[in-house]
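Undergrad: Please build the complete structure, drawing on both the sequences and the hints.
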Amino acid sequence: STLHADNLRTALVTTILLSLIIAIIAGLWLASRISTPIRQLAENVRRRINGSSKASLIVHGNIEINRLSSHFELLLKRNQTKTQRVSELLKELQERQFAIDQHSIVLVTNAAGIISYANDHFCQLSGYSREDLIDQNHEILNSDEHDDSFFEDMYRTLRRRKVWKGDICNRNKNGDIYWINSTIVPKLDEQGKIATIVSISTDISRVKQDQLELEQSAARATAANEAKDQFMANISHEIRTPMNGIIGMLG
1316 STLHADNLRT ALVTTILLSL IIAIIAGLWL ASRISTPIRQ LAENVRRRIN
1366 GSSKASLIVH GNIEINRLSS HFELLLKRNQ TKTQRVSELL KELQERQFAI
1416 DQHSIVLVTN AAGIISYAND HFCQLSGYSR EDLIDQNHEI LNSDEHDDSF
1466 FEDMYRTLRR RKVWKGDICN RNKNGDIYWI NSTIVPKLDE QGKIATIVSI
1516 STDISRVKQD QLELEQSAAR ATAANEAKDQ FMANISHEIR TPMNGIIGML
1566 G
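Under this note's numbering, the first residue of the sequence shown is numbered 1316, with each subsequent residue one higher.
Where hints are given, some of them may not hold.
[Unchecked claim] Under the rule of at most 30 Å between Cα atoms (straight-line distance), these lysine-lysine pairs were calculated in the BS3-like manner:
1) Lys1523 <-> Lys1480
2) Lys1502 <-> Lys1488
3) Lys1508 <-> Lys1477
4) Lys1508 <-> Lys1480
5) Lys1406 <-> Lys1392
6) Lys1508 <-> Lys1523
7) Lys1502 <-> Lys1477
8) Lys1406 <-> Lys1502
9) Lys1523 <-> Lys1488
10) Lys1480 <-> Lys1406
11) Lys1397 <-> Lys1480
12) Lys1508 <-> Lys1406
13) Lys1523 <-> Lys1477
14) Lys1406 <-> Lys1488
[Unchecked claim] Each pair of labels, with its calculated beta carbon distance range:
15) Ala1538 <-> Ile1415: 41 to 47 Å
16) Leu1389 <-> Val1522: 58 to 64 Å
17) Asp1416 <-> Glu1467: 29 to 35 Å
18) Asp1416 <-> Glu1541: 23 to 29 Å
19) Ala1510 <-> Ala1534: 45 to 51 Å
20) Val1522 <-> Asn1425: 26 to 32 Å
21) Arg1471 <-> Glu1528: 45 to 51 Å
22) Arg1471 <-> Glu1403: 21 to 27 Å
23) Asp1435 <-> Thr1537: 40 to 46 Å
24) Leu1389 <-> Ala1338: 34 to 40 Å
25) His1418 <-> Asp1463: 27 to 33 Å
26) Gly1428 <-> Ala1533: 36 to 42 Å
Hints in this document: simulated from the structure, not taken from any laboratory. Ideal Cβ positions, reconstructed from N, Cα and C, are used throughout, including at glycine.
TA: Below, the structure is given as structure tokens:
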């Protein structure tokens, strides 16, 4: 009886130990079946993010892992499409900026008039280097040609979030004046306040010089015409005076 009970206990313990070993082995096998595809998926996601197009996100596993890998593949494809579109837009923007810089004089300031950007054409025209201009107030270019009301009207227009257009006379580093025809655009922040002010201009100094010379020529022509009229009037008077005497004597 005692031997029989010992045998039963031994068989029971053996059965429990075998069951535990089988459970552990089954758990390890199941964990491996789950973790291996997940590790593979994580590694392939990392490689795809780093630019490897050959790393497939479709891994073999159970239904849930397959579904998860399919979702990752779809998300990355969408992200790549958006990234490509952003890159295309940035390239297009850079090309437009390059085209503008090649043709126009560009200056960017903040709302207080502190210069944050000046392109090469602006530097060439003003005589200042980019380092001279950055973080300086645009008043460094003031020629004193315009009165206060001119700039008050300009900033009043910009504060109304409207575009200002007009001719501006600036003074370069050597003290010489130059004229630009400017289109000035306020750029707003998320609160609707002016964040930056962008000025795109063309050099019209030669046009202004031609206008000045034309006005001077017109003034000289007017003065010459008036002098001619006065001369003719004097001649007429000098001629009429003796003629009136002669006519009186003959009468």
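Undergrad: Does each hint hold? Answer for all of them.
TA: Do the hints match the structure? See the list:
{"no.": "1", "hint": "Lys1523 <-> Lys1480", "in the structure": "holds, 17 Å"}
{"no.": "2", "hint": "Lys1502 <-> Lys1488", "in the structure": "holds, 28 Å"}
{"no.": "3", "hint": "Lys1508 <-> Lys1477", "in the structure": "holds, 12 Å"}
{"no.": "4", "hint": "Lys1508 <-> Lys1480", "in the structure": "holds, 20 Å"}
{"no.": "5", "hint": "Lys1406 <-> Lys1392", "in the structure": "holds, 21 Å"}
{"no.": "6", "hint": "Lys1508 <-> Lys1523", "in the structure": "violated, 35 Å"}
{"no.": "7", "hint": "Lys1502 <-> Lys1477", "in the structure": "holds, 10 Å"}
{"no.": "8", "hint": "Lys1406 <-> Lys1502", "in the structure": "holds, 21 Å"}
{"no.": "9", "hint": "Lys1523 <-> Lys1488", "in the structure": "holds, 20 Å"}
{"no.": "10", "hint": "Lys1480 <-> Lys1406", "in the structure": "holds, 29 Å"}
{"no.": "11", "hint": "Lys1397 <-> Lys1480", "in the structure": "violated, 37 Å"}
{"no.": "12", "hint": "Lys1508 <-> Lys1406", "in the structure": "holds, 28 Å"}
{"no.": "13", "hint": "Lys1523 <-> Lys1477", "in the structure": "holds, 26 Å"}
{"no.": "14", "hint": "Lys1406 <-> Lys1488", "in the structure": "violated, 35 Å"}
{"no.": "15", "hint": "Ala1538 <-> Ile1415: 41 to 47 Å", "in the structure": "holds, 45 Å"}
{"no.": "16", "hint": "Leu1389 <-> Val1522: 58 to 64 Å", "in the structure": "holds, 59 Å"}
{"no.": "17", "hint": "Asp1416 <-> Glu1467: 29 to 35 Å", "in the structure": "holds, 30 Å"}
{"no.": "18", "hint": "Asp1416 <-> Glu1541: 23 to 29 Å", "in the structure": "violated, 50 Å"}
{"no.": "19", "hint": "Ala1510 <-> Ala1534: 45 to 51 Å", "in the structure": "holds, 46 Å"}
{"no.": "20", "hint": "Val1522 <-> Asn1425: 26 to 32 Å", "in the structure": "holds, 30 Å"}
{"no.": "21", "hint": "Arg1471 <-> Glu1528: 45 to 51 Å", "in the structure": "violated, 34 Å"}
{"no.": "22", "hint": "Arg1471 <-> Glu1403: 21 to 27 Å", "in the structure": "violated, 39 Å"}
{"no.": "23", "hint": "Asp1435 <-> Thr1537: 40 to 46 Å", "in the structure": "holds, 43 Å"}
{"no.": "24", "hint": "Leu1389 <-> Ala1338: 34 to 40 Å", "in the structure": "holds, 37 Å"}
{"no.": "25", "hint": "His1418 <-> Asp1463: 27 to 33 Å", "in the structure": "holds, 32 Å"}
{"no.": "26", "hint": "Gly1428 <-> Ala1533: 36 to 42 Å", "in the structure": "holds, 37 Å"}
Going down the numbered hints, you'll see the structure goes against 6, 11, 14, 18, 21, 22, while the others check out.
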